[in-house]
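> Spelled out from the first residue to the last, the chains are:
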Amino acid sequence: MGNEAEKPNIITSSLDFLVNWGRSNSLWPFPYGTACCAIEFMSTEVGRYDLSRIGSEYVRFTPRQSDVLLVAGTITYKQAPILKRIYEQMAEPRWVIAMGACASSGGFYDCYCTVPGIDHIIPVDVYIGGCPPRPEAFFDAMFDLQKKVKDESFMKQRAESVKEQLEMIKVKTAEAKCEAKTAIHEKVVDFKDFMKEKEQNLVKKAQFWKE
Amino acid sequence: MTVEEIFAVLEERYGATREKQDKWGVTAVVSASYLHNAVQFLKEESGIKFNMLVDIAGVDYLTYPNHEGPRFAVAYAFKSVTKPVNRIRLKVLVSEENLNVPTITDLYANANWYEREVYDQFGIVFKGHPDLRRLLNHVEFVGHPLRKDYPAQKRQWLSTNDYLLPQLEQRLEELGYKVVQRSKEVETNDNEFLEGSIKE
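Chains as they are written, first to last, in the numbering used here: chain B, -11 to 199; chain V, 287 to 486.
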């Protein structure tokens, strides 16, 4: 499968198109709101600006069901492990938006307790400037993210992951073989030693009886 | 009893001195050994009953211009609820060698968290406090960030999220519940947990 999927043909490219179309028009956000940016996200979400026009109306409050991690607000060092854990709990494919100055760069908090940008903890796809950014800026970021999603190739990623898995299996089998060999070798050596001891004992016994 | 009379009593009984630099003239400097008695006097015996503790603040005089004497200070602000005009402040000077100050949690319940915060940010130890842990900073945090010799931009990476389960279990046990079994995820290794704070 690996070689076939690397060269785009009519089946893989049309499948890519279909998958990306589906993904980019149903980006379900997980709002990790810690400050005023979250309030701005609420106004983006509802009535007047209406995020559901681009298919993102389902705000999921569990990382298992969401595609986009939306970090809106200041992240302190006390919170950093929690954010990282939530990112790790999200199923792939996953994207991250850093909303506002604090999440992108730490903002004006230049002190011992604030993380200077969440890209120190997790990879970020789109940054939004502003303190807090306007809903238009948020929509712009969502369109950018949609473009990014459409550029990705589902089949290529799949082929790469299969390749990685195959390599991992190869490495692991080689390791297991090596281990088995050494174990057998040890056993054989042990057995030889055991036989030698027995022979020596027998020889000693024979000598004893001769005497 | 006016505020002036209260100051006179404080000076007479507890060896307090009035702070001259204070703009409103309501601050008295008490030694740590007399603090608890002075606070008790203010709360219960004095004519104006100062039954509200407004704040406890730590001070670090390390880079303060023209300052002589001990490095730290703890300032207590009191207020009367019945006569809200009257306010009084007590100040305890704490030297760097002996960071102990008696607690006043038995008189004011809200002093509990204030004292925890001062301990967290300045490292001043309140003797007799029921639960002296860090309040704002993480358990793995090393140092006391509001001291003037702590570099303000020194950041510390942490390995875990905060570890509040023992306190929760303690509270539940006080209410009559009992912990029968913990899941493996919850059970943490203390050695592993405290190794976390990453150097530089």
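Just so you know, the hints here were simulated from the structure itself, not pulled from any lab data.
Ideal placement from N, C-alpha and C gives every residue a C-beta, glycine not left out.
Treat the hints with care, as some may be off.
[To be verified] Residues on chain V that point at chain B, a partial pick, calculated with CB under 7 Å:
id : residue
1  : Gly355
2  : Pro356
3  : His430
[Unchecked claim] Straight-line C-alpha distance at most 25 Å; calculated BS3-like pairs for lysine-lysine:
id : chain 1 : residue 1 : chain 2 : residue 2
4  : V       : Lys434    : B       : Lys66
5  : B       : Lys198    : B       : Lys186
6  : V       : Lys440    : B       : Lys66
7  : V       : Lys413    : V       : Lys434
8  : V       : Lys329    : V       : Lys306
9  : V       : Lys335    : V       : Lys369
10 : B       : Lys72     : B       : Lys160
11 : V       : Lys440    : B       : Lys72
12 : V       : Lys377    : V       : Lys365
[Claimed, not checked] Chain B residues, not near chain V, derived (Cβ > 12 Å throughout):
id : residue
13 : Cys119
14 : Glu152
15 : Glu187
> Hold the hint about His430/V up to the distance rule: shortest CB distance to chain B must be less than 7 Å.
At 11 Å from the nearest chain B Cβ, His430/V fails the 7 Å test, so the hint is violated.
> Does the closest beta carbon of chain B sit nearer than 7 Å to the beta carbon of Gly355/V?
violated, 28 Å
> Hinted pair, alpha-carbon criterion (25 Å max): Lys413/V, Lys434/V. Please report holds or violated.
holds, 24 Å
> Given the hint that Lys72/B pairs with Lys160/B, test it: the Cα-Cα distance must not exceed 25 Å.
violated, 29 Å
> Tell me if the straight-line CA distance from Lys440/V to Lys66/B falls inside 25 Å.
holds, 14 Å
> Far enough from chain V: is every CB of that chain over 12 Å from the CB of Cys119/B?
holds, 20 Å
> Between the alpha carbons of Lys434/V and Lys66/B, is the straight-line distance 25 Å or under?
OK: Lys434/V and Lys66/B at ~22 Å, within 25 Å.
> For Glu187/B, is the shortest CB-to-CB distance to chain V above 12 Å, so the non-interface label stands?
Given that every Cβ of chain V is farther than 12 Å from that of Glu187/B, nearest at about 51 Å, it holds.
> For the pair supplied as a hint, Lys329/V and Lys306/V, is the alpha-carbon distance within the 25 Å limit?
holds, 24 Å
> Taken at face value, is the distance from the CA of Lys365/V to the CA of Lys377/V at most 25 Å?
holds, 15 Å
> Taking only the CA atoms, is the gap from Lys440/V to Lys72/B under or equal to 25 Å?
OK: Lys440/V and Lys72/B at ~21 Å, within 25 Å.
> Would the stated hint for Pro356/V survive a check requiring a Cβ distance to chain B of less than 7 Å?
violated, 25 Å
The structure shown violates the earlier hints numbered 1, 2, 3 and 10.
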